[in-house]
Amino acid sequence: MRIINFDHMAASPVLPEVVEEMLPYLTERYGNPSSIHSVGEQAEEAINDAREKTAALINANPSGVIFTSCGTESNNFALKGVMLANRAQGNHLITTGVEHFSIMHAVKALEKQGVEVTRLPVDKYGMVDPDDVETAITDRTVLISVMHANNEVGTIQPIGEIGKVARKHGIPFHTDAVATAGVIPVDVEAMSVDLLSMAANPFYGPKGVGALYVRKGVRIAPLLDGGIQENGLRAGTENVMGIVGMGKAAEIALREMQARIDHLMPLRDRLIRELPEAIEEVGLVGHPIRRLPGNVSVTVKYVEGESMLLFMDMEGIKIASGSACISRSLKVSHVMLAMGVDAATAQGSLLMTLGRDNTDEDVDDVVRVLPPIVRKLRDMSPLYKKSSKVKASA
Amino acid sequence: MRIINFDHMAASPVLPEVVEEMLPYLTERYGNPSSIHSVGEQAEEAINDAREKTAALINANPSGVIFTSCGTESNNFALKGVMLANRAQGNHLITTGVEHFSIMHAVKALEKQGVEVTRLPVDKYGMVDPDDVETAITDRTVLISVMHANNEVGTIQPIGEIGKVARKHGIPFHTDAVATAGVIPVDVEAMSVDLLSMAANPFYGPKGVGALYVRKGVRIAPLLDGGIQENGLRAGTENVMGIVGMGKAAEIALREMQARIDHLMPLRDRLIRELPEAIEEVGLVGHPIRRLPGNVSVTVKYVEGESMLLFMDMEGIKIASGSACISRSLKVSHVMLAMGVDAATAQGSLLMTLGRDNTDEDVDDVVRVLPPIVRKLRDMSPLYKKSSKVKASA
Amino acid sequence: MYSEIVMEHFKNPRNVGEIENADGIGEVGNPACGDIMTFYIKVKNNVLEDVKFKTFGCGAAIAVSSMVSEMAKGKTLDEAMRISHRDVITALDGLPKKKHHCSNLGSDALHRAIEDYQAKLQGKMYEKPGDGPEVCECPVRDIEDPEEAPYCATVCERSSK
Amino acid sequence: MYSEIVMEHFKNPRNVGEIENADGIGEVGNPACGDIMTFYIKVKNNVLEDVKFKTFGCGAAIAVSSMVSEMAKGKTLDEAMRISHRDVITALDGLPKKKHHCSNLGSDALHRAIEDYQAKLQGKMYEKPGDGPEVCECPVRDIEDPEEAPYCATVCERSSK
Ligand SMILES: Cc1ncc(COP(=O)(O)O)c(C=O)c1O
Ligand SMILES: Cc1ncc(COP(=O)(O)O)c(C=O)c1O
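Protein chains in written order, with our numbering: chain S, 89 to 482; chain P, 89 to 482; chain B, 1403 to 1563; chain R, 1403 to 1563.
Chain S on its own, in the form it takes in the complex:
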């Protein structure tokens, strides 16, 4: 069966050139960068090379790039590290209601330890208002954290403007750019960002490797204490192979970014246009324009996401959903709720994240396969007939 991956945010295959670059570090180049002898030096050089390439992708100084084991670690490190290191300065953190779990739950953990938190609201598109950021600032504020783009609904935040507000008040500004770094242009200078989380897989690097950028001068405590790897800020034997892969993937992403965007946007826009044409009561979630190039997030009323997803899976089409049944936490996506989508509608969430391997044919297939699935499920749904707006389909 032809497999269509419309779930790139969860997992993208690693690029062949990246695999090739990684392989030697699994076998003959097995050195530990901390070793002083030549086998170790080889590994250290490889890591520093990857650091430069990763830094270039976000226009950062390489010495500020700290490799981590995933986007989640970068986010936890940023939030916990900055709050811990700045306790003397203050105890207030500003964030939003639409962050990824790895921010949301790290913030909850901090809250339990006494950190004061302001969670900014968003509009119906999931956008934060930079004015709200400014209003929330107190003289105890030591960190502002707003994600660059939302992985579930695709909305791109006005990070540059928020960065300016933070800079004006001299408060460190963190952005979770896991969904954007390597995908759309990210520039820590232009965006006035002081800390930035990223991961390799969204731009076709390996899973289980990420980075945190920390601007020179920002006070931060390590999350992993131990040896003096990563400049003393992230201890532990490095996943050398993974880091090498991240570097190579960053290099390619920088080069191919515009071409990738130009390929994705028409596919995305076809789906956004054609799905509501093919199926009644399909709603777009997230911003229609300020949106990740490969993100199609919709709700299909009167049906639940997992059941659609399973039928699609049987047809070889891999997608995701923000429904409660799918989340391991059995909760409807907090992002959609924060945007004002009602819980029942959010259950019908379908999330498609497109990638470089997708084609117009894939879009054709999805637009062809999904409607009969929805019809079948709606015929089975007690909510469907209850709705007066819709006449039952054959």
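Keep in mind that the hints are not guaranteed to be accurate.
[Claimed, not checked] Estimated spans, in silico, between C-beta atoms of each pair: (1) Asp-357/P with Asn-1414/R: 35 to 41 Å; (2) Val-457/S with Lys-1499/R: 55 to 61 Å; (3) Gly-371/S with Ala-144/P: 45 to 51 Å; (4) Arg-175/P with Ala-144/S: 42 to 48 Å; (5) Lys-1499/R with Asp-220/P: 36 to 42 Å.
[Claimed, not checked] Under the rule of at most 25 Å between Cα atoms (straight-line distance), these lysine-lysine pairs were calculated in the DSS-like manner: (6) Lys-200/S with Lys-304/P; (7) Lys-1475/R with Lys-1444/R; (8) Lys-1413/R with Lys-473/P.
Derived from the structure by calculation, the hints contain no laboratory data.
Each residue gets a CB set at the ideal place from its N, CA and C atoms; glycine is no exception.
For this one, chain S is given, so just place chains P, B and R with the ligands on it according to the hints.
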């Protein structure tokens, strides 16, 4: 040039069978275990399979095994997680003066946050006395952490006896088994261990992947908050490929362990016997018998470790040292200092960690190559002539 | 994730639909939790002559509904009232733990339909009990001891019982 | 890690040894820090006729000693006194940052030897200054702001100056 790796503790090449098992997860099996569709399920099954194999290596229940990104993360997670989750119960932690940096500095970080710490002394072999553990226990003690074997000096602690003490008092007991798991028998039941840190590379798995075992019933808070990966205790997209490699390496390690030990001990014992015969004033560091099978840790008086190491490197022999010049912290090994080795002698530390690829020929080479290097450096050393005990060599 | 039997029932659910002028109707669940099931029954001589359902929910919810409808058909009301959550899980060859609670409401919906029928027989309106947990949430993250809540569904079950 | 020049001097250090009846002797460092260097000089007409050294230490310490001995030989005492840490690093084509302090004591040892000679000339014992940092430690871990101490050697340098 023939390369002799006598630095296996820093880096061991990954076994070919392990590499083979890992490769598909870099390419076609690129799924994210959190995805609900078939591509994701494949990855989830692979991780659970690895979990069973890893658990078998330490005779643990698989559901207690949480994958991490390295031994350092496991150690930080264990210490910070247990102290945080048990604040209501108490605030006292018992550890030793010879732990790995990733314990030592995590403990320091906790201390700064108000945790009370007792650091147990060791004898001249680096051994902890289980009676000292018992004496240190107070009604505020919520965690005891003693490493299984020391990576620098090879000494194996009486973990089973310490475990009994901990169990008797009902206090969670953590051991850092990064240097032992997969190397010598480790059994969380026989040793009464409640939490155990391990890493894959010491048993020829990939670098940058580890695990923490947490016994059912132990209260622990996550270090990485976020999604509900690893049973909600370690968020973040998994390094699937690395975890698969750890599982495979664990399976092989369990099967080959005795053969590996039988191969290593004679090589180790030859070095321990022959180096002092070939070079004056070479002292063994660590316990002569209760010792890791591949660990040879010695001090060579009047010379400094890095200079020996560099000359050895030129001859293709890769070793390590606990000298101040080599440590990135520019401090002499705290382990040797805790054992009562004086700082000047400790500067002459040479640490050889042997592995399955080493042969009698390698031992011959080292015993042949090292003496002229030491002679050259001693002739250059202002400490050498000062010593009355030794007559200058030609 | 799902057993073959679950997938079979999910793909080809039995007895989907409504019964016009049903003798009893039972409904459980709420959309925030993810699953809503409505059961319709036709009773003759104290036996379930026909059973139909409509379900909004995940794969498990649909399979559970289908299985319950099959198990119930032809049974006496007493027998049908004794169909338990556990029986359904066994008949389905197991369900993922996290689906145990929220999606395994099929037998509850059936029982309500029977109770509805019995209430009508006695000429009074059946008083519908509370509608299951309002929010079926997973508090793993809010509990410091993972052993208290290693799986969401366990907690779900506990908090709703 | 090391430049080619450093490795060359490390492998083949120039002027190793002692000078019997040296005109001046200078020593710096301590073993806890890792490096000890002793310089011996022979002076004629205010010029360093011969310079020898003995060094206990890492590769950098040995290369630095060798380089300093070469740079100093044939120089007047004034010229030799002006050889700085920086000059040595430049001549060696760079040193890793963490080696800047602890291992770059060669010129200090030379200067002490010269001062020793000058003190003897004036018929008085040369008063040896303090012996560098007692513990050459890296407090990265104890500082919350990594920018205050990103590299051990930086701290080392600062704390000892
Ligand atoms: C005893 C011990 N604990 C912890 C660690 C840290 O493990 P990792 O380097 O995987 O973070 C090591 C590393 O060698 C070790 O030997
Ligand atoms: C916006 C965002 N932040 C953080 C993460 C977490 O990254 P990781 O899964 O690498 O831990 C993700 C993962 O998809 C994400 O989309």
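Evaluated hints:
1. Asp-357/P with Asn-1414/R: 35 to 41 Å: holds, 36 Å
2. Val-457/S with Lys-1499/R: 55 to 61 Å: holds, 60 Å
3. Gly-371/S with Ala-144/P: 45 to 51 Å: holds, 50 Å
4. Arg-175/P with Ala-144/S: 42 to 48 Å: Because 43 Å falls inside the window, the suggested range holds.
5. Lys-1499/R with Asp-220/P: 36 to 42 Å: The hint (36 to 42 Å, Cβ to Cβ) holds, given that Lys-1499/R and Asp-220/P are roughly 41 Å apart.
6. Lys-200/S with Lys-304/P: OK: Lys-200/S and Lys-304/P at ~24 Å, within 25 Å.
7. Lys-1475/R with Lys-1444/R: Answer holds: Lys-1475/R to Lys-1444/R is near 10 Å, not above 25 Å.
8. Lys-1413/R with Lys-473/P: Measuring from Cα to Cα gives roughly 21 Å; hence the hint holds.
In this structure, every one of the numbered hints holds.
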